Amino acid sequence: MTSTLTISHLTKRFAGVEALRDVSLTVEPGQRVALLGHNGAGKSTMMKIILGLIPFDSGAVTVCGAAPGSAAARAQVAYLPENAAFHPALTGEEQIRHYLSLRGERPVQALELLARVGLADAAKRRIGTYSKGMRQRVGLAQALIGKPRLLVLDEPTSGLDPVSRRDFYALLDDLAAGGTAILLSSHALTEVEARTDRILILSGGRLMAEGSLADLRRKAALPVAISVAPAAGQKAALVAALPMARANGDGRLHLDIAQDDKLAVLSRITGLPQVADLEVIPPSLEDIYSHFSRRDGQ
Amino acid sequence: MNRILSTATVEFRIAGRNRWVAIAVALMVVFALVLAAAGAAPTGDIGADRLSVIVASLTSLAVYLVPLIALLISFDAIAGEVERGTLPLLLTYPVSRAQVLAGKLVAHLAILTLAVCAGYGAAAGAAFWMDPASVAGLPALLRLVASSVLLGATFLGAGYALSALARRPSGAAGLAVGLWLGAVVLYDLVLLALIVSDGGGALTTQALPVALLANPADAFRLFNLAAAEASAAAGGMGGAAAAIPLWQSALSIALWPLLALVLAIAAFRKVTP
Chain G
1 MTSTLTISHL TKRFAGVEAL RDVSLTVEPG QRVALLGHNG AGKSTMMKII LGLIPFDSGA
61 VTVCGAAPGS AAARAQVAYL PENAAFHPAL TGEEQIRHYL SLRGERPVQA LELLARVGLA
121 DAAKRRIGTY SKGMRQRVGL AQALIGKPRL LVLDEPTSGL DPVSRRDFYA LLDDLAAGGT
181 AILLSSHALT EVEARTDRIL ILSGGRLMAE GSLADLRRKA ALPVAISVAP AAGQKAALVA
241 ALPMARANGD GRLHLDIAQD DKLAVLSRIT GLPQVADLEV IPPSLEDIYS HFSRRDGQ
Chain Y
1 MNRILSTATV EFRIAGRNRW VAIAVALMVV FALVLAAAGA APTGDIGADR LSVIVASLTS
61 LAVYLVPLIA LLISFDAIAG EVERGTLPLL LTYPVSRAQV LAGKLVAHLA ILTLAVCAGY
121 GAAAGAAFWM DPASVAGLPA LLRLVASSVL LGATFLGAGY ALSALARRPS GAAGLAVGLW
181 LGAVVLYDLV LLALIVSDGG GALTTQALPV ALLANPADAF RLFNLAAAEA SAAAGGMGGA
241 AAAIPLWQSA LSIALWPLLA LVLAIAAFRK VTP
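Taken in order, these protein sequences are the chains called G and Y.
Per this note's numbering, residue 1 is the first one in the first sequence, and the count goes up by one each step.
Per this note's numbering, residue 1 is the first one in the second sequence, and the count goes up by one each step.
For lysine to any residue, the following SDA-like pairs were computed, each having C-alpha atoms within a straight-line distance of at most 25 Å:
1. G/132 to G/195
2. G/147 to G/30
3. Y/270 to G/83
4. G/147 to Y/1
5. G/262 to G/243
6. Y/270 to G/13
7. G/132 to Y/86
8. G/219 to G/263
9. Y/270 to G/16
10. G/132 to Y/90
11. G/147 to G/6
12. Y/270 to G/57
13. G/147 to Y/97
14. G/219 to G/26
15. G/132 to G/100
16. Y/270 to G/54
17. G/147 to Y/2
18. G/124 to Y/18
19. G/147 to G/111
20. G/124 to Y/85
21. G/147 to Y/94
22. G/124 to Y/84
23. G/132 to G/109
24. G/132 to G/85
25. Y/270 to G/15
26. Y/270 to G/82
27. G/147 to G/31
28. G/124 to Y/12
29. G/235 to G/245
30. G/147 to Y/96
31. Y/270 to Y/94
Computed beta-carbon distance windows for the label pairs:
32. Y/142 to G/178: 52 to 62 Å
33. Y/2 to G/125: 18 to 28 Å
34. G/104 to Y/190: 45 to 55 Å
35. G/178 to Y/2: 22 to 32 Å
36. Y/168 to G/260: 56 to 66 Å
37. G/106 to Y/269: 25 to 35 Å
38. G/158 to Y/178: 39 to 49 Å
39. G/15 to Y/174: 22 to 32 Å
40. G/170 to Y/26: 45 to 55 Å
In case anyone wonders, no lab produced these hints; they're calculated from the structure.
A quick note: this is a predicted structure, and the numbers were derived from the prediction, not measured.
The C-beta atom is built at its ideal place from N, Cα and C for all residues, glycine as well.
Please construct the entire structure, taking both the sequences and the accompanying hints into account.
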């Protein structure tokens, strides 16, 4: 099967400043890909290029086998902008009916689409009365129109509460199962909740890392923290047995060890008679993200 | 075609909810009725039917009011989408920018036609009520309606072009006011000054007809006055109207909407969201 989205050596400059530098990636059908980066890392720029909204300077981009922004590409790509905005004088239903007509679909599906994103009750109210989260849902409803082959979502979960966020990812899972490729951007690794197949980390316009969460963990090779609780009255003996550990005020001993040494150190600790309990704390999602998204000079 | 119609439906609905339809209709009806009442006096002197006299007055009214209403409706068309942040999403849909503009034009032109018909209809109704012989003025009224719609289309297109160039509603509003003042008010004043200083020389006989035809508002006036029986009632323009063949002014008012729309599409294409 051919890739839904192919980008090779993409470079984009704004007034001499490189917003994207030599970025290459592919997204396969049914894949859920998260694009992570700080503000200004180049996420929105890349999305706008994929959608054909802005031109690029060099490289090649193919969307569903066509040029970005061409009629063929636009017919198969759906987009959810960051802070989805609509005309406040229209009702949710009228707005979705219009978007259905623009995609050449039957407008009667509007209520069904709004029900899928939990807006059935508000369908007849004007969008001007909606909350930010509700507008985001209208945005999501329009992105679901006509089974798109590529879904481009710019910070889709930023205005959603945790429950809505979970519903949102459930919708994405359904779409991906039907073969839709999904590219979504986010500020933080914690926000994508590991509900994606692949993670791309952009920083300063460059692709810093790419892979599944497990891949990124491995590549980052951040130290694993181990917290050891000594058996009653054995703390002094344990400190002597583990000279590289530091004692904190909580009465436990803490060690930071490299990934490669993890198993060896663990088997040593579990072999010690002075140990009552131990906890292994893998590097957090935030740790991994900041490891890859460090800006130059930081 | 469905895309254009759906856009037009949505735009019409928005204009209705923003009271633009009511404002445009009320403006035209009030001014037309005032003119119908005020224009009742000179009928006896001219010997024309009352409707023809009213049409001549309405022509002078429409040349100011129709471009104004058209620009008021259209200046926000693209700049408003940019400001609300609705444009990027719209442009990712499988719809061309020309289709988007065509949809807006259909809706806005429908509003303008509604306002023009309501206003002129009210004035005509008053004329028939006062003078049954007004039937003689019906062709002039129909010409006025048709040419008013074309004049409106021209300034709608110009409004879209300015809206795309300005990209901000406040800037677009300023440009629209400037265009209205320039095309409808100052243009004629400048021509008048030139005629006075030239004193009937080559400028008046050669350049003036071209200058009048080049301005859609003046072409509109020429067309309606040349065609009307009662051109004398309109005063100064009557002389110029007699000198320029009807087909030339008709061509000018028919070509301007197309030109304005082409300009609008070209300006819209330059907008990067």
